[in-house]
Amino acid sequence: MGILKMIRKITCKKYLGFLLIVASFFTLGWADSFEAIRAAAGKVTTIEADFIQEKHMAILARPVSAEGHFAYKAPGSLRWEYTKPARSLLLVHDGEAHRYSRTEEGLTEDTGAVQYMDFVLEEISGWLNGRFDETDMFEASLVPGSKVVMTPKDKGMTEFIRRIELIPADQPGVIKEVMIFDAEDSYTRFSFVEPKINVPLPDEMFQAIK
Amino acid sequence: MKHILQLAMFIIALTMVLGCAHLPAIVPESNPAAVPAPDILNRIYPSGDWQFSHTIHATVPGGKTVEMMGVSVISSADSSIRCVLMTLEGLVLFSGRFDGDLTVERAVSPFDRPGFAEGLMRDLELLFFTPKARMERYGRLPDGERVVRFYSKEKVTTDLVLREDRTWAIYEYSSQSKLVRSVEARSISPIGGNWKSTAPENIMLKRPGLLGYQLVMRLAEAIPLDE
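Going down the list, the sequences are from chains A and U. Per the working numbering, the first sequence starts with residue 1, numbered consecutively. Per the working numbering, the second sequence starts with residue 1001, numbered consecutively.
Derived from the structure by calculation, the hints contain no laboratory data. Note that the structure is predicted; figures quoted are calculated from it, not measured. Ideal Cβ positions, reconstructed from N, Cα and C, are used throughout, including at glycine. Incorrect hints may appear among the rest.
As the list claims (entries may be wrong) - Lysine-lysine pairs mimicking DSS-like chemistry, simulated, CA-CA at most 27 Å apart:
| # | chain 1 | residue 1 | chain 2 | residue 2 |
| --- | --- | --- | --- | --- |
| 1 | U | LYS1064 | A | LYS210 |
| 2 | U | LYS1206 | U | LYS1064 |
| 3 | A | LYS84 | U | LYS1206 |
Said to hold, decoys possible - Just so you have them, the derived chain U footprint on chain A, three or more residues with Cβ under 8 Å:
| # | segment |
| --- | --- |
| 4 | 146 to 158 |
| 5 | 195 to 202 |
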């Protein structure tokens, strides 16, 4: 498998899945049980926030940072954009996904991303209904009032993601941090800054680079 | 038909030979003031312990491109390297270290291919460390550019080209005097406002040949670890 193909495969099939998990979790009212989560699901129709990403690894002397912005609109529109250190963009809308990477000509589309999105979108339909404990990809466990832990069911996926921890904010329906562990001494932390819930988000936001 | 094939083979061979850049002759520097002082080399090769983060736009054989992050933790004292390649989302593709011995901590396919880790560490050595030279020569290339030439005991020649605008380039030649790798450093900036330490904002590393590749690296962060 070529380098490009491999990165596309991992990035799209496995890692983009987590982006959509993060986005879909934002649409949930926070609760201490999956039943309450399911009951609260659907109350939030849109969410957008800036995010700060930090990669922590024992081999590194300092964490590595990135920044960006994301927007989500039910039932399945997502804009996940990096602004630092390099601009990169994922758009998901109406069953279609487009990934754009920086080139000398500006942002250009990476067409390899599309073929894996059907799989991810199938998963998200379950998560949007609050059925995190029924997903095919992850085993969900709830630490009431503390965090939700998602563990991959697929052994092959654990090579890339050991578990995902979602830590709630005080405000119902909002999480403040997502931590993705790819090894016990290696994780990526996403911190969300001032998320806005149920603000009108035009479809163009999920269709155009801007 | 046989003659046509022979002619075609000859043309291909000639093209390959002519297409390979070879070690240029240098004119010894007659003006002692033009000889680079050691602090200039220190400005190019980072001294002490550092962590560098780059976004990397890689063009791999076949012309396809991929974007990733590269993080290098280096120490000039012992020429050690710790390196991580990851996607922008933080997914680790490769992590390993070199301190005389090479240790691969994690590598997903195809970054686990034989020779990949060794090649990566050689690229980083070329970028960050003064060549292990048995002798140096100062002079000018045929186009007039100032050059410091290093010869290793393995008969590898490394040319460090120093330009008036503070940019620089590195050309590495094999024992057969063929160009093996090249580095072009652009947009040199001082770190912390001090020109004693600099880092190029843009680096282009090329490895020519059929299995060659090109890395366009943009500096995201340079962190001195000694402070």
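Hints versus structure:
{"no.": "1", "hint": "U:LYS1064 x A:LYS210", "verdict": "25 Å, holds"}
{"no.": "2", "hint": "U:LYS1206 x U:LYS1064", "verdict": "15 Å, holds"}
{"no.": "3", "hint": "A:LYS84 x U:LYS1206", "verdict": "25 Å, holds"}
{"no.": "4", "hint": "146 to 158", "verdict": "violated (count 0)"}
{"no.": "5", "hint": "195 to 202", "verdict": "violated (count 0)"}
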